[in-house]
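Colleague: Each chain, written out:
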Amino acid sequence: MPADYDKGAYPEPPRQTPVVDKQTALPNPALILSKLFYYSVDLPVTTFRDAVDSIRAKNKIVYYHQKFRRVPDLTECKEGDYPCYYEAEMQWRRDYKVDQEIVKVIQERLRACQQREGHSYQQNCAKEIQQFNEVTKNFQSRYGDLGAYASARKCLMKQKERMMAAQAQNA
Amino acid sequence: MVGTSVLRSVAAFAARLSPLKSGNTAANLLTRAIPRTDKVVVRWGHGKRLFVIKPSDYYDRRFLRLLQFYILLTGVPVAIVVTGVNIFIGEAELAEIPEGYEPEHWEYYKHPITRWITRNIYDSPVKDYEKMMAAIQIEKEKADMRLTQLEVRRHMRQQGDGPWFQVPTLNKELIDNSPKSSPDH
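Chains as they are written, first to last, in this note's numbering: chain A, 18 to 188; chain B, 2 to 186.
Extracted from the complex, chain B is given alone in its bound form (with noise of 0.2 Å):
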């Protein structure tokens, strides 16, 4: 099989596996290997057959295919899923709040996937606004004690009498007062 392409040895391996068929034997393969070009009726219809060279598109094409896998590898479950429950569970519909029930906090919501998000993955707006108020309560008690200790840090600078801006001075009781006991020494 030298020389021939891969359907051509396939075409030879089938022969081998049926050789009585009509168009498998050996003369037809051989035959089929070799055309002759001048007697071959060529159909090309109007125009010049040309053998057009241009740079390889390979690369090219391999990006735009592999551009579409990946973008359809999520894309499609995604569409799938979002038309599946828009046919099949479909949007809210406004309702008055019955006397005495309290909403849960995704039944505000209209579309079945944003109501799925904000019970599963997102807190409810009452627990941030609650978060919100404590994170401010915090800085701003944070804020009152840096002013009052500025104002304690003033006190204790002016008055002197509290346990800040003490400078440590030499222990009175090691100084010796013999050499000034006695006046005319």
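Isolated chain A (complex conformation) (with noise of 0.2 Å):
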């Protein structure tokens, strides 16, 4: 089976599991469905799975994460030296890709803690609504407006601008 989630990131919420205190002589409608949607559905589901993982566990394979060594970057590149700048360009593409996988890492987790707290989220998930609104004001700031044709260099003069807007406001 795959790796589990993150348990501190989503936090369990406490069972609710009621006392079973049966009053009546009656059958309890959701034990029975409950079931037979065990019997019907999760069992045979259950049982293919482990089967086919049976047959596949002769055969496992394995994959990695690859990484990459830190490069010059666009501003380290002397003018006019085109492989350098390819070679920025491509570190800046890459590093653009793992900053939107942690905006999105960081939206699941504001959803997950919205959906667990149900009505009361506003107080009770206000760590994971502080953490996204940091997260996604820096990547607007960093990210924001540069398009579908993004690339290092807009990136690095999207920057100058911010230094510059922030040095006119200290003056």
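Derived by calculation from the structure, the hints in this document are not laboratory data. Hints should not be assumed to be uniformly reliable.
Said to hold, decoys possible - In silico contact screen, one side only, chain B against chain A (beta carbon under 8 Å); selected entries:
(1) Y109
(2) Y110
(3) M133
(4) M134
None of these values were measured; they are calculated from a predicted model. No residue lacks a Cβ here, since even glycine has one placed at the ideal position from N, Cα and C.
Join the two chains into one complex using the hints; note that each chain is given alone, in its own frame.
Modeller: The structure is reproduced here in structure tokens:
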């Protein structure tokens, strides 16, 4: 079976299984339906999965996450050195993808928290909300309106504009 | 066997082969050929039995039949292969890169068919990267050479002491200077 998710980031709510206090002789329809579901759907699916897993266990293969070396940035390239530009561009693209995935993970955590807490999410998920706001604000300021043809150069120019604005504001 | 359908002629042939079987006598075969339409019990249920006249749907049905055939011709083997791969080999599991081990480029993908494709058909991403960098380097050198050529042109045109922009003129040795040698000729 695939590895379980991070229990720290997505804490399970406390179990609220009530104590069985049957006061009637009538059968419990919820119990009947759950047993029905178990025997008609859950059991066949689990046995199929176990069978396929036992077949697959003989030919196990693994895959890895590739680790890329850091190359000189666009700011560290000499002017006119196009291969250096290309490497910096590729590194920036990989970093852009990684940042997009980071934002997606933070969004997923906020969504899970809201689902868990229900109507009291605004006070119980304050940490997730603050984290989400911070991460999205930073993402917007760095990669915000670069558009579909975003490149390392355009991002660098945006950073320059930001620094100029900050300097103008300080002065 | 005049005026009989294929089935009836086959039945007659079968009757020839085994003439003693019941139901295979000539009387039976001949009576089978001429049913009495007014005395026959026709069970059509309710509603009038109609002879519907409509245009031929042979070509439409033939098209759909051929479409089905050609789609399934490659579709079924592909489906069998993909199902077999998913059941017998299955997707890869994520693992940490062991110390001192450099994974092959196809070991970075999850599905076994993707791994096969990147292993046997595609070039490795490292090779693609290097190819792109080589192309960029060649273009850079071409651009630099073109710029220097323009620079050299400019210099040669201005200074005039280079090999370019030489205009061929008459050979000075061919000029006959004898009429010009004495002043008052």
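Colleague: I'd like to know which numbered hints this structure contradicts. Please list them from smallest to largest.
Modeller: The structure conflicts with no hint, since it agrees with every one listed earlier.
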